[in-house]
Amino acid sequence: MVDQLPNRGLELEMLQAMGMSSMDDLFDDIPVEVRMTEQLALPAPQSEEEIIADARRLLGANMAMSDTVSFLGAGLYRNYVPASVFQLITRGEFLTSYTPYQPEVSQGMLQAMWEFQTLISELVGLPISNLSLYDGSTAAAEALTCAVRVHNRKAEQKDTVYVSELTPPDKISVMTNYCQGAGITIKYIKHNSDGSIDLTSAQQAAGSCGVYVEQPNPLGLLDGGYPQLKSIIGDNTALIVGVQPISLGLVEAPGHYGADIVVGEGQPLGSPITAGGPIYGIFACSKPYLRLMPGRIVGKSIDVDGNEAYCLTLSTREQHIRRHRATSNICTNETLIALMGAMHMSLLGPEGLHHLALRNITACNLAKQKLSEIGTIALPHSNGTHFNEFIVELPSSASNCLEYLDGVDIIGGFDASRWYPERKNWLLVTVTDQTSAKEIELLAAHIALWSSGVNA
Amino acid sequence: MSRLFDFAGGIGMGYSQPDTLMSKESVTLPASLVRKELPKWPRLSEPEMVRHYTWLSRRNFGIDTGFYPLGSCTMKHNPRVNEVIAQIPGIAEIHPHQPEHHLQGLLSIFHEMQHMLEICSGMDQVTLQPVAGAQGEFTAVRCVQEYFRIRGESQRTKVIVPDSAHGTNPASAAMAGFEIVEIPSLEDGRIDIDALKSVVDDTVALMMVTNPNTLGLFENNISQASEIIHSVGGQMYYDGANFNAILGRTSPGLMGFDAVHFNLHKTFSQPHGGGGPGSGPIGVKAHLAEFLPGPIVKKKPISSGYEKFAVDDMWYGWFQPANSIGKVQQWHGNAGAVIRCWAYYRRYGYGLKDMSEHAVLNANYLRYALHREAEKAGISDMFVDGATTRVAKHEFTLSLLPAKEKYGISAMDVAKGLLDKGYMAPTVYFPLVVPECMMFEPTETESRDTLDEFAKEFIEVLQEDAETLHQAPVTTPVRRVDEVYAARNLCLRHPFDES
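Chains A and B, in that order, give the protein sequences. So for the first sequence, the numbering used here puts the first residue at 1; every next one is plus one. So for the second sequence, the numbering used here puts the first residue at 1; every next one is plus one.
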């Protein structure tokens, strides 16, 4: 029996008060021909205890990364979210509130999101941040359409944007869906064989509406050529940089080397991977993009007594006011996950972020070193600087290797041929601050063992 | 006030991190990429951080704080067992790129959720990938667009939207590149069949309908509207924002719809989280299924050797629809929200019908109680129903136009007065077709006592004099916020240089 209905048992009294005698009276405005006549073909209600037991059984059958050895990343990164974050976001005042349409009783979330905007703004080096989009891919896609709105009038290559050819196909798929309605063509910028961006190829993007690159790039490389991009593509072409936010504890903020828009998967700051959602997308930009950007923004204001107060602002960009002329259709976003991000950032502080970035990059360096000692495999981009991940070229297919490693309870990485079909033997190995030296040695030992077997 | 950027402790790390693997000597970045200055983040210890966010939470109103009759948003109680389940490592600590045999539990739950939503909606195939209602709309519109492109009917460039629709409908269709044709509603907010007939031809791709509509009325001519659209070869789209009203009583499939989105954060109790995360799966009839974003989950026999990974006698695998539009989110949607809503649905099972019945019962009872209390107080002249109808569905509207004209009391004044009584205000000034509109949606999880008490206090607010109400709220953390000031004096982040 369902236990969530306080008026169970009072139905008839309530109906009679209204001059009705049955529930059917409340639904007699539904025309007979569309009425459902049979009970929903669903199982019986369960108690909380039964649901928990089933959830533990089913979810327990999943292989949690925390219960195994994992080198899988490829856009989502194992992290440690401090306990206080989980405790605080289950406070009902945050958890069970909605969009702050009544600012007088929503100051807590409004201020928290204004603070989030500041934290992100500082992190990426741009003056403006919204309070989250759905994920890194939709943030990147919205950045492209935003760039076209801003630059198309003066663009020599109208309705055209350029994207790094390394961008994962799933992300390009999202971009394509978002861009096609506006008639935007996506073209590609090439990369050199060492994984760095081909700055000559980038020259072709000059005069288009926008350029999208990632730092670190999808091969895990930090690209020292990006600071030249803005001068190559010019003032009237938006430079959009996708980031892994933790890396910015070491790596220059893209806003400081010419980026006009910075987007990214916020997940490493504040959120477990959770099968890829809910996470949150970062979207920050410079002033020329402000009035044509997507998503909600909180502004600091005053109340009638002149006291500090916060409210949503620049709402005339949004669907509930501008309808089909809105800058985006987004309404519900990822506020609570952004709040987790703000809490995590607050606890880290600048030095904590720096420390966390160092943990990630040194773990990555150790893994690179250990794997480079195996004679039967190669690291094709070993001269570059990597953050979190790098490509290993195997003597046989990555899928074979992953299958072998799975047999010894190691999630060995990501089969990069799923992104680059011609690269059958490329394995993307990811390490984070959560990876131990022991795990790296275990991976190296097993890859050595597997690859010697392949060669034999 | 507690301000985050006032915290400037000395240590600079609110939680300690291990030093494993640290060796700064091994770190060499390209010179052009060395960060010169760390972000100006605050420095808080854990106790300071916990107190700051606890202080903020106390300045925020949620369903847990009090009655939240925000129309169109379905602010029902969020059972806490859902939160406990969402923290199990088997959901929190899994990666979408793990192989199928690592994720049989997740995939079986996805399959069960797809199936449940198909049953409730009368659709043939559901995808869980869209992460919010608006994204569900966009996804379905894209699927319909591809359907017509493949059929060689690219002349279908128009999407019809009633003027009472949510703003996301026209915004989503425009994002996909469609021209929006807005048709006026009848005086009671229902679809104007004559107006609809006058705009349909073979350039129409889609009509988007919310039913019950945004005034809380069931569209009694819905079958006729579906026939009109289908007769010119168009498709019918059901905005599931108001799905909470009809489960087990009717379905979009029975009404003739071809595609539907669900707001799991409304109907299935994913907490709204101050503005998200949500989850916006869509369901479609068979002819649109090949266009859905992939992957979706299908059942198949278990391959030999994989029995030990299975959770029941079938295998759950990812499946790519043949002519998929591609992805709308890079991963598998908001899986964590889907898990919570699975726990919620399990609590009801076929009793989801009871949920809808109680939602409709409560809405009608609240409407009745408001009129009853107004009569008792002799102020029945201050508001009228937004739509004259014997029964509403899960929500209803009132027009405060008489109060405004006679006493200078606006819907906004009343909303702010309600805040002083400890309530969240109903939705105001939407839908636009009702002047001085207030839209009430109590949901099924409010007790009769709460509804009666709210009705009394609503009438008390109306009885206050206009000047007092113009001053409201006075008991809230801040008083009326100056939104014009915020827009004219943009301050979108902490201005360190001025502090």
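Don't read these hints as lab results, they were simulated from the structure. Beta carbons are placed, not taken as given, at the ideal position from N, Cα and C, and that holds for glycine. Errors might be hidden in some of the hints.
Claimed, not checked - FRET-style restraints, in silico, Cβ to Cβ: (1) B:E405 x A:R8: 38 to 44 Å; (2) B:Q471 x A:Q434: 52 to 58 Å; (3) A:E393 x B:C491: 48 to 54 Å; (4) B:S223 x A:Q434: 55 to 61 Å; (5) A:P127 x B:E153: 33 to 39 Å; (6) A:T316 x B:E100: 26 to 32 Å; (7) B:V27 x A:R325: 32 to 38 Å; (8) A:R8 x B:D497: 43 to 49 Å; (9) B:I193 x A:T316: 32 to 38 Å.
Claimed, not checked - So, partial list: chain A residues that the calculated Cβ filter (under 8 Å) puts toward chain B: (10) A44; (11) P45; (12) L88; (13) D305; (14) G352; (15) H355; (16) D406.
Status of each hint after checking the structure:
1. Our hint of 38 to 44 Å for E405 of chain B and R8 of chain A holds, since their Cβ atoms are close to 42 Å apart.
2. Taking the beta carbon of each, Q471 of chain B and Q434 of chain A are about 54 Å apart, inside 52 to 58 Å as hinted.
3. The hinted range of 48 to 54 Å is satisfied by E393 of chain A and C491 of chain B, whose Cβ atoms lie roughly 51 Å apart.
4. One distance hint, 55 to 61 Å for the beta-carbon pair S223 of chain B and Q434 of chain A, holds here, with the actual separation near 56 Å.
5. Restraint check, P127 of chain A to E153 of chain B: a C-beta distance of roughly 46 Å breaks the suggested window 33 to 39 Å.
6. The beta-carbon spacing between T316 of chain A and E100 of chain B, approximately 46 Å, falls outside the hinted interval of 26 to 32 Å.
7. Range check, V27 of chain B to R325 of chain A: about 49 Å between beta-carbon atoms, so the 32 to 38 Å window is missed.
8. Checked against the hint of 43 to 49 Å, the pair R8 of chain A and D497 of chain B fails, with Cβ atoms roughly 59 Å apart.
9. Under the hint 32 to 38 Å, the C-beta atoms of I193 of chain B and T316 of chain A, about 33 Å apart, fit the expected range.
10. About 5 Å separates the beta-carbon of A44 of chain A from the nearest beta-carbon of chain B, less than 8 Å, and the hint is met.
11. Nearest Cβ of chain B to the Cβ of P45 of chain A: about 4 Å, under the 8 Å cut. The hint holds.
12. At a threshold of 8 Å, the smallest CB-CB gap from L88 of chain A to chain B is about 5 Å, leaving the interface hint in force.
13. Because the smallest distance between the Cβ of D305 of chain A and any Cβ of chain B comes to about 6 Å, under 8 Å, the interface hint for this residue holds.
14. Against a cut-off of 8 Å between C-beta atoms, the interface hint on G352 of chain A holds, since the closest Cβ of chain B lies about 4 Å away.
15. Taking 8 Å as the C-beta cut-off, the interface hint given for H355 of chain A holds, the closest approach to chain B being about 6 Å.
16. For the restraint placing D406 of chain A at the interface with chain B, the shortest Cβ-Cβ distance is roughly 7 Å, inside the 8 Å limit, so the hint holds.
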